[in-house]
Structure formats: structure tokens, C-alpha cells
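Single-letter residue listing:
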Amino acid sequence: MTGVRHKTAYQISALFILLLLAVATLGPFVYLLVVSFVTDMSQVFKNGIALKINMDMLSLESYRMLFAADGGKYFFWFKNSLIIALLYTGISIVLCSMVGYGISMYDFKGKRIIFILVMSTMMIPVEMLIIPLYNIIRVFHLTNSYFGVVLPFVVAPFTIFFFMQYASTLSKEFMEAARIDGCGELRIFVTVMAPLMKPAYAAMIILQATHSWNDFLWPLIVMSKSENFTLPVGIQTYLSPYGNNYNLLFAGAVLSVIPVVLLFFSCQRLFMEGIIQGGIKG
Amino acid sequence: MTKRTAPYFFCLPFVIAFAVFVIYPMIDMFVRSFYKLEGISTYRFVGLKNYENFLSDPHINNAIFTTFGFTAGIVVVNLVVPLLLAVLLNHKLTPFRNIFRGAFYIPALTSVVVAGIYFRLFLAGNPDTPLNWLVRLFGGEAREWLFDTKLTGIIALVLTSTWRWLGLNILYFLSALQTIPRELYEAAQVDGANAVQRFFKITLPGIKPILIFVTTLLTYGGLRMFGESYVLWNGSTPGDIGLTIVLYIYRTAFTHFDMGYASAISVVFFLFLMILNVIYIRAMGFLKGGSGR
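Residue numbers (my numbering), protein chains in the order written: chain A, 1 to 282; chain B, 283 to 575.
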């Protein structure tokens with residue numbers, strides 16, 4: 001039976017390749033986790049990634065230091081990141097799903113122009129606009145505020161595009177039926193069509209929440225007082241030019257990863273479904 | 283709200299955001315590129331001076347070299363590797379497909395800062411790091427990847443970025459692969475086509491739209507590279523290793539407070555990107571017409 005042998009050979013080699021790459025992608029997490037328990041960071045500094053670790057080097061000292069440093073400033077950062085992620089994700093998916101749905105489900109004058117504008121905005125690196133955006137934020141006295149971080153990027157062209165694509169797979173007959181029942185257009189969206197886009201919402205909640213949680217450049221610019229930092233901005237200060245504070249760095253990094261990983265695993269199935277089944281097919 | 287007015291209501295958030303956070307900043311940036319910031323908030327008109335500086339600034343060339351080198355690297359690596367992995371993960375016989383899909387996506391959940399912490403150590407000069415060990419295994423020399431040459435700097439950037447970008451690209455390719463009807467493969471198999479032929483004759487043409495889409499995302503992701511470069515070299519790049527265009531703009535604006543010059547660099551880079559946009563939108567002709575299918 002060459003067929004069976006062929007099959008097993010394929011499975012073994014596929015498994016080998018995938019395992020190798022899984023080690024490369026997950027290795028950093030294991031390393032960070034283990035090193036966050038190392039007490040004497042000069043060892044890490046000296047040997048870097050080639051450090052041989054044995055049990056008596058490990059303790060909870062780094063985490064104790066993290067909780068104590070600067071009166072628990074780390075938890076201010078954690079709180080800031082949480083609030084910003086909630087605000088950003090919430091506002092963003094409501095507005096973007098509206099726009100994507102509107103472009104996709106209606107025929108109207110100017111549809112083409114709006115579509116082209118969404119596409120071009122998707123391709124403009126927002127990083128180019130940081131200087132004028134910073135000036136706008138300053139004029140409105142939004143520096144060091146949550147809304148200063150959230151507002152400029154909350155209507156995200158990629159998210160609009162995704163909802164547009166997803167909405168175009170829905171049948172307009174549902175809308176017609178609801179209209180005959182006397183539903184208003186907004187109610188049709190909220191009660192009939194939006195629930196049909198559940199996988200798209202799941203996918204975008206995860207993408208937008210992780211994006212906001214991990215965003216670095218913009219909060220770095222908007223937030224100048226250290227108690228207002230988000231996690232990435234704050235953790236990055238532990239890599240200061242005055243000597244790296246590795247204890248705080250590793251423990252802080254490990255704790256910062258946990259919320260998004262929990263979020264991901266809690267709706268992984270819906271997320272994958274949203275992206276894979278309904279996503280961009282061009 | 284009637285059926286006729288509803289779409290305008292739905293599109294309103296985009297129109298407002300576009301006017302306030304895209305169009306206005308673009309005009310502001312253009313105007314500011316003719317001024318020089320003096321003191322805290324006084325601007326003095328300097329005409330084309332900022333643009334003249336641009337032409338004689340040696341950092342610019344270095345930044346352009348790194349940015350384009352990185353973009354080329356990231357496009358090639360992040361098309362080939364995720365596509366092959368997606369094909370593998372899409373195959374019925376592959377074991378533990380869902381677990382691997384999740385595993386490859388996890389790095390995408392982390393911040394660039396976390397990636398930077400690990401990869402600064404991973405790319406260090408110690409001869410016993412996995413990377414240097416591998417290089418020595420093939421007869422190469424251990425090196426300090428972050429501080430050796432501009433080229434090793436680019437390799438370092440590509441490695442670090444790929445770690446976080448891989449998972450999402452795999453998902454995009456998987457989504458496209460699942461739209462190809464299985465009967466096509468079965469028919470080809472009956473006709474005696476081998477796996478490689480099937481890949482080039484069925485798979486690649488079948489996922490052409492997503493190939494263009496991912497290439498676009500990667501190109502712009504590459505050209506706008508900032509985060510990885512910032513955290514790997516932490517604001518100081520000896521010999522401009524790892525200095526990208528956006529990092530240079532950031533540093534000019536927010537470290538040297540030369541807002542006018544930073545705006546001028548942005549304007550030039552912007553014009554370049556707009557030209558690229560036009561080319562891409564033409565290439566993506568299939569996307570015209572609105573809903574996409």
C-alpha cells in the first residue's frame with residue numbers, strides 16, 4: 001500500500017516543519033516567562049539568550065519589584081491601556097461597521113468616491129501625519145487624555161473595508177422583508193443586519209483590541225506624563241539609556257501579554273471563522 | 283430616515299474623520315514644510331530651505347536604503363513563508379491544524395515592545411545565541427546583528443517583524459485557499475498533475491486577489507516601518523543602522539523639534555506614496571465597482 005506509506009510520510013514531514021516553526025514562534029514567550037523569574041539580571045545581561053538557567057536562580061523578586069516600583073506605576077499603565085482599548089474598540093467597531101455596511105448595502109450618489117477614499121486612506125501611512133495630528137490634539141487640549149489617543153484613528157479604513165466585504169455576502173432580501181414590516185433603516189441595521197455580521201464583529205473586536213493594546217507610536221506622542229503612559233510606552237522606558245532595568249522589563253512584558261491572549265482564546269473560534277470564512281476575498 | 287438618506291448617515295463618521303484627521307493634517311503638513319519652528323511655538327517662513335536641506339542630508343539616503351531594503355525583504359519573506367504554511371495548514375491530512383493555526387497567531391497579539399525585548403537578546407553578539415549558533419554551523423561568523431552593518435540591521439528588522447506578522451498573513455491565505463473548489467484539485471490529480479504543478483496552476487491563480495491584497499499590506503507596512511526599528515535600536519542608531527524614514531521623521535520632529543524639516547520630509551515621502559497608490563489602485567482593477575464581488 002504505497003498510498004498509506006505516502007500519507008504517513010507526508011504527515012510526519014508536515015508535523016516536523018510545523019513543530020519547528022511553532023518552537024520558533026512560541027520560544028520567545030517561554031524565554032520571557034522563564035527569565036521574568038530570574039533574580040540576578042546581570043546574568044541575563046551577560047549571557048543574553050544563551051543563559052543556562054537552573055532552579056535556584058529563580059524567584060518572584062522581579063514581580064515584587066514591579067508592584068513596588070514608583071508606587072505601583074505599572075498599574076496606572078495597565079489601567080490606561082485597558083480604558084483606551086475599551087474606548088477604541090467599542091467606538092471603532094460601531095462606527096466602522098456602520099460605514100462598511102452603508103457603502104456595501106446601498107446604492108447612492110457618491111458611493112464610488114467614498115469607496116476610493118476609504119481605499120486610499122488605507123494605504124496612507126498614518127505615521128506620516130503624526131506631526132499635524134499632534135498639533136490638532138494640542139489645540140483641542142487632548143494631550144495626556146484618553147480621547148487624544150483614541151479619536152484620530154478610531155475610524156479605521158481597514159476595519160471599514162473588512163465590514164464592507166463581510167456585508168456584501170449578506171442577502172439584501174432580509175432588508176426588504178424588514179422594510180415591508182415597517183422597520184426604519186437604522187433599526188434594520190441594528191436589529192436585523194448587524195446580528196448577521198457576528199463573526200465579522202468578533203474578528204474586528206480582536207484585531208482592534210490587540211491593535212490598541214499594542215499601539216506604540218501614537219500614545220508615545222500623546223502621553224507625555226509617565227502616569228498617563230500605556231503599557232508598551234511605559235515598559236519601553238525600562239529600556240532606558242541609564243542602564244536597562246531588566247527585572248521590571250521582563251516581568252512587565254509578561255503581565256502585559258496576558259489580557260490579549262486571554263481575549264484571543266476566549267473567542268478564537270469566532271475570530272478564525274470571521275477572518276477565514278467571511279474575510280477578504282478580493 | 284429614508285432609504286435614500288440612510289447611506290449618507292451611515293457614511294458620515296468616515297467623512298468627518300477623513301476631513302478632520304486626514305485632509306486637514308495633510309494641508310497643515312504641507313504649509314508647515316515651508317516654515318521653521320523657533321522657540322516653543324513660533325514659526326518663521328523659510329521658503330524652500332527645508333527642501334534644500336533634504337537634498338543634502340546624508341541621513342536621508344541611509345533611511346531610504348534601510349526602508350526599501352526592509353520592504354523588499356518583508357514582502358518576499360512574508361509572502362512565501364505564510365503561503366507555504368497556509369497550504370500545509372489547509373491540507374486535510376495535516377495533523378493538529380487548529381492548534382498550529384492558533385500557535386502561529388499568538389505573536390501577533392503582542393506589542394512591538396515585547397518583540398523588541400526578546401529580539402535584542404536574540405540578535406546579540408554572543409556566539410551561543412541560536413542565530414549565531416546556526417550561522418556558525420554553516421561556517422559563518424558570529425556577529426552582533428544589530429550593530430554590524432546596515433544589511434544585518436535590515437535582516438534583524440525582517441526577522442523581528444516576521445515573528446509578529448506571520449500569523450495574520452497565514453489567516454489571509456487560508457481564507458483565500460478555502461474558496462478554491464476541491465473538485466479542481468481532484469480533476470487535476472486525475473489528469474496526472476503533481477503537487478508542484480497543482481500549486482502553480484490552480485492554487486496561485488485561485489488566490490490572486492489575496493496575493494495582491496497581502497502584497498499591498500506588506501508594502502505599506504514595510505514603507506511605514508517604525509516600531510521594530512525604534513525598540514531594537516532604542517532611539518540611537520550608530521551609523522544609521524536600522525534607521526527608517528518614519529523613524530527619522532519622528533526623531534527630527536520630536537527629538538530635535540525641527541517640525542518644519544520633518545514636515546518637508548513627510549511631504550516628499552507622501553508624494554512618493556501617492557504615486558505608488560495610483561499604481562496599486564490601477565493594478566487592483568478588480569476592486570473597483572464597490573462591493574468587491
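Hints are computed from structural coordinates only; laboratory data are not their basis. Only a predicted model underlies this, so the values are computations on that prediction, with no experimental measurement involved. Note that CB positions come from ideal geometry on N, CA and C, so glycine has one too. It is possible that some hints are incorrect.
Which stretches of chain B does chain A cover? Using the computed rule of at least three CB atoms under 8 Å from a CB of chain A, they are [what the hints assert, rightly or not]: (1) 307–315; (2) 340–347; (3) 367–375; (4) 386–397; (5) 449–457; (6) 497–505; (7) 523–535.
| said: Run through the hints listed earlier and report the numbers of any the structure violates, in increasing order. | reply: The structure conflicts with hint 2 only, although it agrees with all the remaining ones.
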